[in-house]
Structures are given as C-alpha cells and as structure tokens.
Amino acid sequence: ALPEDEYKKLKAAKNYRSASMMLRQVQFSTIDLELHAHFEPGQGETVFERDAKLAAKTSVMPPFPGDRFLCAFAHIFAGGYSAGYYSYKWAEVLSADAFAAFEEVGLDDDAAVVTMGRRFRDTVLALGGSVAPA
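Counting from 1, position 46 in the sequence shown corresponds to residue 46 in UniProt numbering; the numbering is continuous, with no gaps.
Read the hints as simulated data drawn from the structure, not as lab findings. There's no promise every hint is true.
[Claimed, not checked] For each label pair, taking beta carbons as the anchor points, the in silico distance ranges come out as:
| hint | residue 1 | residue 2 | range |
| --- | --- | --- | --- |
| 1 | Ala74 | Ala111 | 46 to 52 angstroms |
| 2 | Ala126 | Phe48 | 41 to 47 angstroms |
| 3 | Met61 | Val114 | 43 to 49 angstroms |
| 4 | Cys71 | Ala96 | 29 to 35 angstroms |
| 5 | Asp97 | Leu23 | 18 to 24 angstroms |
| 6 | Ala13 | Trp90 | 26 to 32 angstroms |
| 7 | Phe69 | Thr123 | 36 to 42 angstroms |
| 8 | Trp90 | Arg17 | 19 to 25 angstroms |
| 9 | Phe39 | Pro65 | 17 to 23 angstroms |
| 10 | Arg119 | Glu34 | 37 to 43 angstroms |
| 11 | Leu127 | Val47 | 36 to 42 angstroms |
| 12 | Arg68 | Met21 | 18 to 24 angstroms |
[What the hints assert, rightly or not] 20 angstroms max Cα-Cα, derived DMTMM-like pairs, lysine to aspartate or glutamate:
| hint | residue 1 | residue 2 |
| --- | --- | --- |
| 13 | Lys53 | Glu40 |
| 14 | Lys11 | Glu34 |
| 15 | Lys89 | Asp67 |
| 16 | Lys53 | Glu34 |
| 17 | Lys14 | Glu4 |
Note that the Cβ used here is the ideal one computed from N, Cα and C, for glycine as well.
Whenever a hint applies, use it, and build me the whole structure from the sequences.
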C-alpha cells in the first residue's frame with residue numbers, strides 16, 4: 001500500500017503544471033495564426049525564429065536549441081487546419097460554456113436538466129451551422 005504521506009504528496013501535486021498542456025496548445029495555435037496571417041517568407045526572419053519568439057511568451061520552459069517541431073506540424077501545413085488550430089481550444093471553451101448552462105440549472109434537478117437539454121438541442125444542435133452566431 002502507498003504510505004499516507006506519499007498519498008498526500010501526490011494529492012497535493014494534482015494540479016502541478018496542469019496548465020502546461022494548455023499553454024502548449026496556445027503556442028501551437030499562436031504560431032499557426034502568426035505564420036498564416038503575418039509571416040512573410042524571405043523578409044529576414046525564419047519560421048523557426050518566429051516560433052522561438054512566440055514560444056518565449058507561451059512556454060514555461062524554452063524550446064531546445066535547434067528545435068524544428070514545425071517541420072512535423074502537419075496539422076497546419078497539410079492537415080486541413082491552416083490558421084484553424086485554435087479550434088481545439090475554442091471547442092473546449094464552447095463545451096465548458098454549454099456544460100455551465102446545465103450546472104446553473106442544477107445537475108440534480110432532472111426536470112431542469114431535461115428542459116435545458118431540449119433548449120440546447122433546439123438552439124445549438126438542431127441548427128448546426130445554418131444560422132450565424134449572434
């Protein structure tokens with residue numbers, strides 16, 4: 001069995017670096033948008049230098065010298081996500097917002113959850129992409 005003091009350490013460390021993955025996704029989204037919206041090839045700065053500058057703003061630890069992650073970042077160059085990688089984070093925001101509506105009515109209130117579920121179905125799911133967001 002795990003000693004009690006070790007268990008307490010593990011529990012206390014539950015949130016240690018919990019934002020690291022989120023920051024990495026922000027970095028990916030930022031470099032994606034930057035390269036597709038603002039980067040001008042041949043204007044003095046390489047994509048790797050631009051990536052390093054942006055990583056300095058979003059990374060807890062600096063990338064390794066000579067890091068060439070962009071060479072394998074197929075999502076933004078060949079995967080159909082050009083300037084759209086941020087959609088992963090945006091989807092998390094939308095899902096958290098939708099779940100919050102259910103929390104607000106009370107997850108223990110079955111009738112309220114059913115009503116909110118119908119509202120979600122009718123105003124989000126049923127419409128799909130047929131109506132522009134307000």
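Here is how each hint holds up against the structure:
1. Ala74 <-> Ala111: 46 to 52 angstroms: The hinted range 46 to 52 angstroms holds for Ala74 and Ala111, with Cβ atoms some 47 angstroms apart.
2. Ala126 <-> Phe48: 41 to 47 angstroms: holds, 46 angstroms
3. Met61 <-> Val114: 43 to 49 angstroms: 47 angstroms Cβ-Cβ, so the 43 to 49 angstroms window holds.
4. Cys71 <-> Ala96: 29 to 35 angstroms: Distance hint for Cys71, Ala96 holds at roughly 33 angstroms.
5. Asp97 <-> Leu23: 18 to 24 angstroms: holds, 21 angstroms
6. Ala13 <-> Trp90: 26 to 32 angstroms: Between Ala13 and Trp90, where Cβ atoms are some 30 angstroms apart, the hint holds.
7. Phe69 <-> Thr123: 36 to 42 angstroms: holds, 40 angstroms
8. Trp90 <-> Arg17: 19 to 25 angstroms: holds, 23 angstroms
9. Phe39 <-> Pro65: 17 to 23 angstroms: For Phe39 and Pro65 the Cβ distance comes to about 21 angstroms; the hint holds.
10. Arg119 <-> Glu34: 37 to 43 angstroms: With Cβ atoms ~38 angstroms apart, the hint holds.
11. Leu127 <-> Val47: 36 to 42 angstroms: holds, 39 angstroms
12. Arg68 <-> Met21: 18 to 24 angstroms: holds, 21 angstroms
13. Lys53 <-> Glu40: holds, 15 angstroms
14. Lys11 <-> Glu34: Judged against 20 angstroms, a Cα distance of about 38 angstroms means the pair is violated.
15. Lys89 <-> Asp67: violated, 24 angstroms
16. Lys53 <-> Glu34: holds, 11 angstroms
17. Lys14 <-> Glu4: holds, 15 angstroms
In this structure, the earlier hints numbered 14, 15 are contradicted, and the remaining ones agree with it.
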